[in-house]
Amino acid sequence: MTEKDGGGQQVSRRDFLANAAMTVGLAATLGTAGIYGVRYLVPKAKVKKFVDVLVTNLQELTPGAAREFIDATGRKGILVNNNGKVKAFSKICTHLGCEVEWHSQKKEFYCPCHEGFFNADGKNIKGPPPRPLDEFAVTVKDDNIYVALEEV
Numbered sequence: 000m001t002e003k004d005g006g007g008q009q010v011s012r013r014d015f016l017a018n019a020a021m022t023v024g025l026a027a028t029l030g031t032a033g034i035y036g037v038r039y040l041v042p043k044a045k046v047k048k049f050v051d052v053l054v055t056n057l058q059e060l061t062p063g064a065a066r067e068f069i070d071a072t073g074r075k076g077i078l079v080n081n082n083g084k085v086k087a088f089s090k091i092c093t094h095l096g097c098e099v100e101w102h103s104q105k106k107e108f109y110c111p112c113h114e115g116f117f118n119a120d121g122k123n124i125k126g127p128p129p130r131p132l133d134e135f136a137v138t139v140k141d142d143n144i145y146v147a148l149e150e151v
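Using numbering that gives the first Met the number 0, read the sequence shown as starting at 0 and increasing by one per residue.
Since the hints were made in silico from the structure, they are not lab data. Hints may contain errors.
Said to hold, decoys possible - Derived pair list, reagent style PhoX-like, types lysine-lysine, alpha-carbon separation capped at 20 Å:
id	residue 1	residue 2
1	84	106
2	105	86
3	75	47
4	105	122
5	122	84
6	106	122
7	90	105
8	84	105
9	86	75
10	106	90
11	140	86
12	90	75
13	90	125
14	106	86
Said to hold, decoys possible - Label pairs and their computed distance ranges (CB to CB):
id	residue 1	residue 2	range
15	139	72	19 to 25 Å
16	49	111	28 to 34 Å
17	122	29	48 to 54 Å
18	62	37	49 to 55 Å
19	138	75	18 to 24 Å
20	42	13	44 to 50 Å
21	95	32	40 to 46 Å
22	31	96	39 to 45 Å
23	31	141	55 to 61 Å
24	29	114	52 to 58 Å
As the structure is a computational prediction, the values presented were derived from the model and not from experiment. Glycine included, C-beta positions come from ideal geometry on N, C-alpha and C.
Kindly produce the complete structure, drawing on both the sequences and the hints.
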């Protein structure tokens, strides 16, 4: 391998391969160090833990009724008994974060800020909300209603 017009010096094949091997080795070393450096700086994802919290009982939450609650992180929720089917949702509208209201006569959630509507299953049915309401897991045990809330 020689340069013809530049008047530069000749590089033997052996020197070229040695330099190439050193360059590849250096790149691999720096790349590995970079990966471990980034892993050190970026925190590991925390696994969310949930705990069942007693909110009410079936005698107090009659069909068609709703009951509001607040979790330990301050998030507001609403528990709804839709003809024996108990569900819990976040009260925060998925459009711009306003609070939704439960209309028991129509069996739907309503967001007064921008005319958003959700059915009794939390599904967005009308207006600007882009997705359903966030749902909490509900367990009914011995007529008591528990909602799985994030542990702090």
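Okay, the hints, checked on the actual structure:
As the CA atoms of residue 84 and residue 106 are separated by approximately 12 Å, the hinted pair is consistent with the 20 Å bound. With a C-alpha separation of about 16 Å, the suggested pair residue 105 and residue 86 falls inside the 20 Å cut-off, and the hint holds. With a CA separation close to 18 Å, the supplied pair residue 75 and residue 47 stays within the 20 Å bound. At roughly 14 Å between alpha-carbon atoms, residue 105 and residue 122 fall within 20 Å of each other, so this suggested pair holds.
Among the hinted pairs, residue 122 with residue 84 is consistent with the structure: their alpha-carbon atoms are about 15 Å apart, no more than 20 Å. A distance of roughly 12 Å separates the Cα atoms of residue 106 and residue 122; the hinted pair therefore holds under the 20 Å criterion. A distance of roughly 17 Å separates the Cα atoms of residue 90 and residue 105; the hinted pair therefore holds under the 20 Å criterion. The suggested pairing of residue 84 with residue 105 holds, with an alpha-carbon distance near 16 Å, which does not exceed 20 Å.
Taking the CA atoms of residue 86 and residue 75, the gap is about 14 Å. The hint holds against a cut of 20 Å. For a cut-off of 20 Å, the pair hint linking residue 106 to residue 90 stands: about 15 Å separates their Cα positions. Taking the CA atoms of residue 140 and residue 86, the gap is near 14 Å; set against the 20 Å cutoff, the hint holds. The hinted pair formed by residue 90 and residue 75 meets the criterion: a straight-line CA distance of about 6 Å does not exceed 20 Å.
Distance hint between residue 90 and residue 125 is fulfilled; the C-alpha atoms sit about 17 Å from each other, no more than 20 Å. Straight-line distance between C-alpha atoms of residue 106 and residue 86 comes to about 13 Å, which keeps the hinted pair within the 20 Å bound. Between residue 139 and residue 72, the C-beta spacing of about 24 Å keeps the proposed range 19 to 25 Å intact. In this structure, residue 49 and residue 111 meet the distance hint of 28 to 34 Å, their C-beta atoms being roughly 30 Å apart.
In this structure the hint that residue 122 and residue 29 lie 48 to 54 Å apart at CB holds, the actual value being about 51 Å. In this structure, residue 62 and residue 37 meet the distance hint of 49 to 55 Å, their C-beta atoms being roughly 54 Å apart. Roughly 20 Å separates the CB atoms of residue 138 and residue 75, a value that falls within the hinted 18 to 24 Å. A hinted range of 44 to 50 Å holds for the C-beta pair residue 42 and residue 13, which are about 48 Å apart.
Taken as a hint, the range 40 to 46 Å holds for the pair residue 95 and residue 32, whose Cβ atoms sit roughly 44 Å apart. For residue 31 and residue 96, the Cβ-Cβ distance of about 43 Å falls inside the hinted range of 39 to 45 Å, so the restraint holds. For the pair residue 31 and residue 141, the supplied restraint of 55 to 61 Å holds, since their beta-carbon distance comes to about 56 Å. Between residue 29 and residue 114 the CB atoms are about 56 Å apart, so this pair conforms to the stated range of 52 to 58 Å.
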